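Given these sequences and hints, build the entire structure.
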Amino acid sequence: MDLELSASELAFQAEARAWLAEHVPAEPLPSLDTAEGFALHREWEATLAEARWSVVSWPSAYSGREASLVEWVVFEEEYYRAGAPLRVSQNGIFLLAPIIFEHGTQEQQDRFLPTMATGEKVWAQCWSEPEAGSDLASLRSTARRDDGRGGWVLNGQKIWCSRAALAHWGFGLFRSDPEAQKHAGLTYFLFPLDADGVTVRPIAQLDGEAGFAEVFFDDVFVPDADVLGAPGDGWRVAMSTAGNERGLSLRSPGRFTAAADRLLALYDERPDPRLADRVVDAWLRAEAYRLYTWGTVTRLRDGGDVGAAGSVNKVWWSELDVALHETALELLGPDAELDSRWLDGYTFALSGPIYAGTNEIQRNIIAERILGLPREPKGAQR
Amino acid sequence: MDLELSASELAFQAEARAWLAEHVPAEPLPSLDTAEGFALHREWEATLAEARWSVVSWPSAYSGREASLVEWVVFEEEYYRAGAPLRVSQNGIFLLAPIIFEHGTQEQQDRFLPTMATGEKVWAQCWSEPEAGSDLASLRSTARRDDGRGGWVLNGQKIWCSRAALAHWGFGLFRSDPEAQKHAGLTYFLFPLDADGVTVRPIAQLDGEAGFAEVFFDDVFVPDADVLGAPGDGWRVAMSTAGNERGLSLRSPGRFTAAADRLLALYDERPDPRLADRVVDAWLRAEAYRLYTWGTVTRLRDGGDVGAAGSVNKVWWSELDVALHETALELLGPDAELDSRWLDGYTFALSGPIYAGTNEIQRNIIAERILGLPREPKGAQR
Amino acid sequence: MRFALSEEQAELASTVRGLLAKRADSAAVRAASVSPAGHDEALWATLCEQIGVAALAVPEAYDGVGAGFFETAVVLEELGRSLAPSPLLATTIATQALLAGGTEEACARLLPRVAAGEIATLAVGDGPVLDGDRAATVLAIRGDDLVEVTGAAATWAESMDQSIRLARLDLSEATLDVVGDGVAAAARAELVAAASAAALAVGLCDRALGMTVDYSRERVQFGRPIGSFQALKHRMAEVFARTELARSASWAASYALAEGAADADFLVRSAASYALEAAALAAAECVQLHGGIAITWEHDAHLVLKRAHALAGLGGAAHRHRAAVAL
Amino acid sequence: MRFALSEEQAELASTVRGLLAKRADSAAVRAASVSPAGHDEALWATLCEQIGVAALAVPEAYDGVGAGFFETAVVLEELGRSLAPSPLLATTIATQALLAGGTEEACARLLPRVAAGEIATLAVGDGPVLDGDRAATVLAIRGDDLVEVTGAAATWAESMDQSIRLARLDLSEATLDVVGDGVAAAARAELVAAASAAALAVGLCDRALGMTVDYSRERVQFGRPIGSFQALKHRMAEVFARTELARSASWAASYALAEGAADADFLVRSAASYALEAAALAAAECVQLHGGIAITWEHDAHLVLKRAHALAGLGGAAHRHRAAVAL
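Chains as they are written, first to last, in this note's numbering: chain A, 1 to 382; chain B, 1001 to 1382; chain C, 2001 to 2327; chain D, 3001 to 3327.
What the hints contain is simulated information worked out from the structure, not anything from laboratory work.
Hints are not guaranteed to be accurate.
Residues on chain B that point at chain C, a partial pick, calculated with CB under 8 Å [to be verified]:
| # | residue |
| --- | --- |
| 1 | E1009 |
| 2 | F1221 |
| 3 | P1223 |
| 4 | I1361 |
| 5 | R1363 |
| 6 | I1366 |
| 7 | L1371 |
What you are looking at is a predicted structure, and each value in this text was computed from that prediction instead of being measured.
In this text, a Cβ means the ideal position worked out from N, Cα and C, and glycines have one as well.
Written out as structure tokens, the structure is:
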């Protein structure tokens, strides 16, 4: 056990803190799911990129700082503590980029990563389908081989595609072998959202804005150059994304410790001894998640992988986030009806236990893969 | 809606209260699962019976008072409020007697009910088997026809037989048709626990006492006169017992409102504002259960039956009972380790969510029979 | 002792439910919520004229039906199920406050108008007032007085739950006439608000659970309706159990308030504590078990969730009701 | 930054676990609990002589190992898993109190005896004292002083958890010698007791969950292992998640206490709050998922349950720790 940061980590932290203090917009940007907010968030990404803070853990060749995992967690903590904007490019930099680094060709890396790092191109995740939500392997959208043109033709429908209403490119799995079952015969595709045959229908969320969209594919041609990994190998390729999304990368503790700080500030403004226990409990949960993350970082650094333990992360941060916001709304009492900041945060938090693998699926994973409990009997109804 | 008691109900209540105030032992009796306590509890039953308070809802011909359901609930409330002893005869008077009234012959009623009402004979419920707990229909103990002697020969093992360590008679289901599956081919038997071939092995509980026992049957002969209902019809016959046990009869609200009163008294002695919310919550839960019971009583009186709603009762009272005791232990703090009264109550309360159909089974029943949710796929593992 | 709706009460519930099923489905509720009036005026007129919902708890001497608060609560439970925006909550609180603290003159002048369907509200404290900008009669508690407010400037305050109408009142130019005892009026209003929120919450529980059960019977994943998965079943069973107990507590509270029973305060606290928590749970499970579609504007799950939160604001948070129970 | 056991610490944990697996199985734990000494004296001797568990946190200057409190917590986590009755908890609290408040003379005189395996305890307040009747060294807080007690009359007080030994001390005939600063000693003792209870609780969570998982994989009902039912799976998954987070909090707290970090108080409150609640949940699920056999004397489920309750008593209830966090 050693919970101190090294001298170089402390220096990195100080540099990040100083830069953020100077550059984070004083006023929150408009929602990134509005056209105006989307544009401003992309500008912010460009500002970050210019100072090499947009993708700190990437290689320097791609404008990163080769930050260690510890430094990355430290950066995220500083980032949220500074109240910096949400990352409009998060699907790309956190979910897709690790896969491109691992499975992409050199050409793909060179073509996609630089514009991703600057926010020039924003990526949408096209994951679920209407009949394949939790049961992701039962995807029905198809990819038909077109040897003549040297590529594939996509058909079908994706739903809950985050950022797709305004993004430039999308990534997702399609069934390239109609004979194969479930996890087999899927291929991982990258595609521009303005390609011929692509229709994007925004889905209005609880706040009325379109953080998600449905995407329809009608004979959309994708060249071989935009296939990620080997055809038919999409499930294996994708699972590293799922691991990232569920695990460490999307939800660094910084976001929640910063939210806990805001909750404590709210308590200072409107103290209520009857709610003190809940406030402290929410705060401690955020701190516990921070500590747990250091354990995960250590395991990863020692060569382990997140594995099924990523499901513990997902369950914890998503339910913690709901609890933090619910406690704030309790403190606000009747005034909560009129306070848009915590309310918007709350509706956003509510999607946490649902997306990126519902918490029901995560608990199945913990029970089956970590605890070794027997799987459910499938299908045979009654 | 009319939540007033009638004049005659008020008179009944006053009479019960006065009699109990005069007769309830000043000191709690020793545990009814010790030989000494068992004897004293039987004496108490005799005292009750003499004043016609042991089976108030029974017909007067069997020493009852033909009390209405409302009066029965009122009596129970008075009984527990007075701090009267646990009913050592409860398996008989609450679980078995309703079945004997409904399915028993006149001869059986005359033979069994009078000694049950006085506590002369105490009955044990022999329900579960080692491999048939929640899945009660998978019973394996057998009944073999013996035409020569005009009866049946029982073999097998029962477990979690409440009161069996000290009781005189037992009741339970045996598989009389080895070809039949699950609910079919079961027969309901009554048998003396000192019959040839019966072995009773007490099971020590958390407090070290034997509230339960295992009962082994080795060629135990039971004459036809001691079969309840038709051979092979045992499941249907038994389900009225299960309904009673899970529903209204065993757990009248009086027990919990009395426990809530004790909790409030404890809070008076050791007030702790930090626990006030939990104390009030437990109290309100007891009150809500009382109110809910009046609704059930009304439905029954209008000719309805408890049905699957008995599962709501079971879940509610059993978890309420645990909460009441846990809250008391919290109030006691470190002193809880040394306070046997609340501790004993707590260990007793813990069995509530387990016996008489675990709360998992009860929630399945609510979901499937009341809400109409689809059943689990069965069996086909993996 | 009879813990059940009477034949008349059951008939009332079923009439209101039938009317709301026809006239306040999801589309109608959404349209009404964002209409200038903030509710469906034609529906309110029908409820008042054909069923007399505003007149139910007004004594016959003031042109009312003379039934009592319990009957009003029966209607509120149905409104809770439908999610329809309705002036009945504000009007009921104002009516009960007036009956508890108003002078004979004020009752005789104002209550017949309420019984006929005019919207009334009561302002307690300085916060936004329910239906403050659409009420024909605005009462307020000022010190120890119950006052009638005329000429207040009302500004709509947009709330998260669009089916609830709040407005800030500026009384600087308004006329305030004393119309009764503010202490008695405020005490009654607090209990009536809590019992009314409980009744609305019980109806909301039914709605949330119904939607969740229906969806989970239809939605197939892993080759099975998701409602066949035990973890989900148990959570819906828990919502059902809590709804049942909350309904018992709510009925008992409304009955006690209507009858002026000695334990009315305790029963109202109990009902509000239960029903508001049950509704919060029912709404949370409704969102979670619907998955992604619950987070969309088009689906009703978010209306349920927002209503559950709004009720805690209007009726007082569950833990505050428990804190108000004397130990 | 390295949030994991070092190689030495992992080795220590594994050695203790191995020893306890051999010498403190269920039968041994039960026998030791009801033996006159209330613990297995031979096991304690082995733990002290071969592994030096009592000497771990004693500085080398006083014949100790000089490792620190973190290493003691590693051992306590293993003892929590085994359920073995052990004087290590009382002895650790007394040791840390003496180190924080004791005079040099007292440390030099008493700590070498502790390091060698003599049992010590600290009495705070007037309640029953952990190991009060089997400790060779009895310290107490009297006003602002840390005192050494000799000649106290100790009476065993039977506790629900038989693996915990409590005794009432009658000091009327005893000699009290001041051996240090009671304020510093008491402050340290409170944190050490909480952190130690947290470590024991984390081990207990593992034990409870392990038993529950094993049983639910074996037990067949309705033609399936009950562990394949989703509702049960999700409850075990929840216990696992809470155990993991509790362990992180516990390690961080013990580390901070050992290092004298500025946030030690906060981290200890956090660890105790988490771990004690996790243990209560793990024990409750252990009982419920085992069904009837859990309520029998022969099965270990009740030992788990009783230990979970006892720890809340010894380490302070979770909500009290949250109340101690400054807002």
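Now for the hints, and whether the structure bears them out:
1. E1009: Constraint on E1009 of chain B satisfied, holds at 7 Å.
2. F1221: violated, 42 Å
3. P1223: Violated - the Cβ of P1223 of chain B stays beyond 8 Å from chain C, reaching only about 43 Å at its closest.
4. I1361: violated, 11 Å
5. R1363: It holds, given that the least Cβ distance between R1363 of chain B and chain C is near 4 Å, below 8 Å.
6. I1366: holds, 4 Å
7. L1371: Constraint on L1371 of chain B satisfied, holds at 5 Å.
Comparing the model with each earlier hint shows violations of hints 2, 3, 4; every other hint is respected.
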